[in-house]
Amino acid sequence: MNILHLTTREIAHRKLSFGIGVLSIAIAVGALMGSLILLKAHDQRTATILREKEEALVQNTKALDDDVRRAMLKLGFNLVIIPKDQNLGDWYADDYAAKSMPEEYVTRLAESGIVTVRHFLPSLQQRITWPEKKRTIILVGTRGEVPNLHKNLVKPLVQPVPAGTIVLGYELHNSMGLKEGDEVTLMGRQLAVHQCYDERGTKDDITAWISLPEAQELLDKKGKINAILALQCNCPGSEIHNIRREIAKTLPDTKVVERASKLVAREEARYRVKAEGRAALQREIDGRNTLRQEREQLTALLIPIIMIACAAWVGFLAFGNVRDREAEIGILRSLGVGSMKIFAIFLLRAAAMGVAGGALGLLAGLALGQKMAVDSDAPMILLALLVAPILSLVASWIPALIATQQDPAEILRKE
Amino acid sequence: MTLKLENVTKSYRKAGVDIDAVDTVSLSIQPGEFASVTGASGCGKTTLLLLVGGLLHPSSGTVSICDIEPYGLSSNKRARFRAEHIGFVFQQFCLIPYLDVRENIVSAALAARHPNAELRAEELMEQFNLSDRAKHLAEELSTGERQRTALARAMLNKPKVLLADEPTGNLDDANAEVVLKALAGFAGNGGSVLLVTHDARAAGYADTTHRMQGGKLSVD
Ligand SMILES: Nc1ncnc2c1ncn2[C@@H]1O[C@H](COP(=O)(O)OP(=O)(O)O)[C@@H](O)[C@H]1O
Ligand SMILES: [Mg+2]
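Chains as they are written, first to last, in my numbering: chain A, 19 to 433; chain B, 1388 to 1607.
Calculated from the structure, these hints are not laboratory results.
Warning: the hint list may mix true and false statements.
[To be verified] Distance condition first, Cα-Cα at most 27 angstroms in a straight line; then the derived DSS-like pairs of lysine-lysine:
#1 A:LYS432 x B:LYS1391
#2 A:LYS359 x B:LYS1464
#3 B:LYS1401 x A:LYS432
#4 A:LYS102 x A:LYS273
#5 A:LYS432 x B:LYS1547
#6 B:LYS1545 x A:LYS359
#7 B:LYS1464 x A:LYS432
#8 B:LYS1522 x A:LYS359
#9 B:LYS1547 x A:LYS359
#10 B:LYS1603 x A:LYS432
[Unchecked claim] Covered by chain A, per the in silico footprint, the following chain B stretches (three or more residues, Cβ under 8 angstroms):
#11 1392–1404
#12 1430–1443
It should be emphasised that the depicted structure is a prediction, and the values quoted were computed from it without experimental measurement.
All C-beta atoms in this analysis are idealised placements derived from N, C-alpha and C, irrespective of residue type, glycine included.
Can you make the complete structure from the sequences, with help from the hints?
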């Protein structure tokens, strides 16, 4: 006979009271583990959400990138190279540069090895009053594109206007009743109408095109041009600044203006979407963190309350056990059992209750963890296994001390 | 001399008045002697027994058992001394409710290591006709069987002194006789017995009988 045997027999005898104690400890441990698992589940869920959102963001941005790239391929990207000292406000208002630059720039550009731009089209434009007709037109001298020598030669994009001919916009030939093959006089020069354009609804309708050398002569700007169009820049939007740099390097006293401003807007929109996506992601992170903090605070408040309530209850049960066993304490003392051993008997029971409750709570916690797909880590398990016996021992300490203070003479005289 | 009391007094203070539950009692019991103390309820019998058993400090006087004064020992040593020298039997049997007969008897070995406790328990169950009750809980036993179990438990450690407090108080004649004979048998084997009771039947088995009244002891 030893106290372990005594304790197992006593527990078997008072199953209910012991069981209630075990259950309350199990609930406390279960609550503790449950809280830890919920917090961990929160963290895992946060990680998943953020990963998904991040992926979605990357996907969206990629789709936008592709979109812009496709649009650029389709439209080409048109840049206009104009003299550096050209006032941009005037340029936008008139759509041509008052300043001019040497025509030879085009050749320089074509030979420079800029591979991002496929064609260069020199032109000399000016708004003039057609003296013979007394009306304002835009006169464009063009010579057809200069293929980029470092690119494969492709079919010319713009048909050059043959010398001695003129191409008329809709408004011009329509109002003057001109058709292909007719003769007109422009600033005293006899020209044959080479082509009459259909209505375009743009300034092209009041534009007349002649060959570049003739335009230079008529406008008294020999060897000069005031714009080079760079056509079909098949380049991703992010490389626009690269093109600029290349051109600036080759022709230092020019500047580059974009024609297709819609594309620029689109590209800017794409950056805004990206930035907004990032901001939304950050808001999500902040939101999840706040939620986590709130849950943590709740846990930090709730768990001690549960622990204290459980300890109070286990202490109450232990005290009841001591009361129930008063006669037993008396008889054990009369049999020569010392007070330390009495203490040990009650603490052993408390430890057994703690271990059983802890194991039960742990099992419940593990089951919950499995259900929520959260791995219960070793510290969590260790905590559950340690907390329960400590809780039970602390709660039973005073009742066990009271047991040792019972006066056997007093008990036995009452019996 | 196995047991010797000299001028032992135990007084309780109650409502400002000192009550001498045991009043200057001197008593000695030899090895092999069966002494009985009879007296009305409340005369101090249980108090006397607890004083002798090392469970209640006397207010004055000395108690010695086998030449040892238990109240001169530390409480741990006194507990050990009780386990080795003294066996108790009570009117209410005081069995541990969740242990069976065998375990109740062996529980006397809880205090001190007793290598042959199980064997000794078998002997005692045989002696007290409890062998077929070995696995029964106290509540499943008759009062006679309960008291025989308590007796067997008191004798497990082969004490020098048996202290019995109204052991026949709850028993019919036949069972009372078995218990009293067992006490007489213990004395017959060289032990000392102190039986306190108001049961007149007990006197017939004792070697020496004492009367107790108002805490004072007188030889019959
Ligand atoms: N702890 C105590 N406090 C006060 N009075 C007590 C105490 N124990 C016993 N007494 C008193 O001492 C007397 C003797 O009691 P007890 O020894 O139990 O008598 P008996 O066993 O002969 O019936 C009684 O009057 C009882 O009230
Ligand atoms: Mg009494």
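To see whether the hints hold, each was checked on the structure:
As the CA atoms of LYS432 of chain A and LYS1391 of chain B are separated by approximately 26 angstroms, the hinted pair is consistent with the 27 angstroms bound. This hinted pair checks out: LYS359 of chain A and LYS1464 of chain B have alpha carbons roughly 13 angstroms apart, not beyond 27 angstroms. For the given pair, LYS1401 of chain B sits about 17 angstroms from LYS432 of chain A by alpha-carbon distance, which is consistent with the 27 angstroms threshold. Distance check on the hinted pair: LYS102 of chain A and LYS273 of chain A sit about 5 angstroms apart at the alpha-carbon level, within 27 angstroms; holds.
Distance restraint check for LYS432 of chain A and LYS1547 of chain B: the Cα-Cα separation of roughly 26 angstroms lies within the 27 angstroms cut-off, and the hinted pair is therefore satisfied. Pair hint LYS1545 of chain B plus LYS359 of chain A holds up; C-alpha atoms about 22 angstroms apart against a cutoff of 27 angstroms. At roughly 25 angstroms between alpha-carbon atoms, LYS1464 of chain B and LYS432 of chain A fall within 27 angstroms of each other, so this suggested pair holds. Among the hinted pairs, LYS1522 of chain B with LYS359 of chain A is consistent with the structure: their alpha-carbon atoms are about 26 angstroms apart, no more than 27 angstroms.
A hinted pair counts as satisfied when its Cα atoms are at most 27 angstroms apart, and LYS1547 of chain B with LYS359 of chain A qualifies at roughly 24 angstroms. Between LYS1603 of chain B and LYS432 of chain A, the direct Cα distance comes to roughly 21 angstroms. Compliance with the 27 angstroms bound is thereby established for this hinted pair. Restraint check on the segment 1392–1404 of chain B versus chain A: 0 residues with Cβ-Cβ distances below 8 angstroms, three needed, restraint violated. Only residues whose beta carbon comes within less than 8 angstroms of a beta carbon in chain A count, and the segment 1430–1443 of chain B has 6; three or more means the coverage holds.
Hint 11 alone, counting from the list given before, is not met by this structure.
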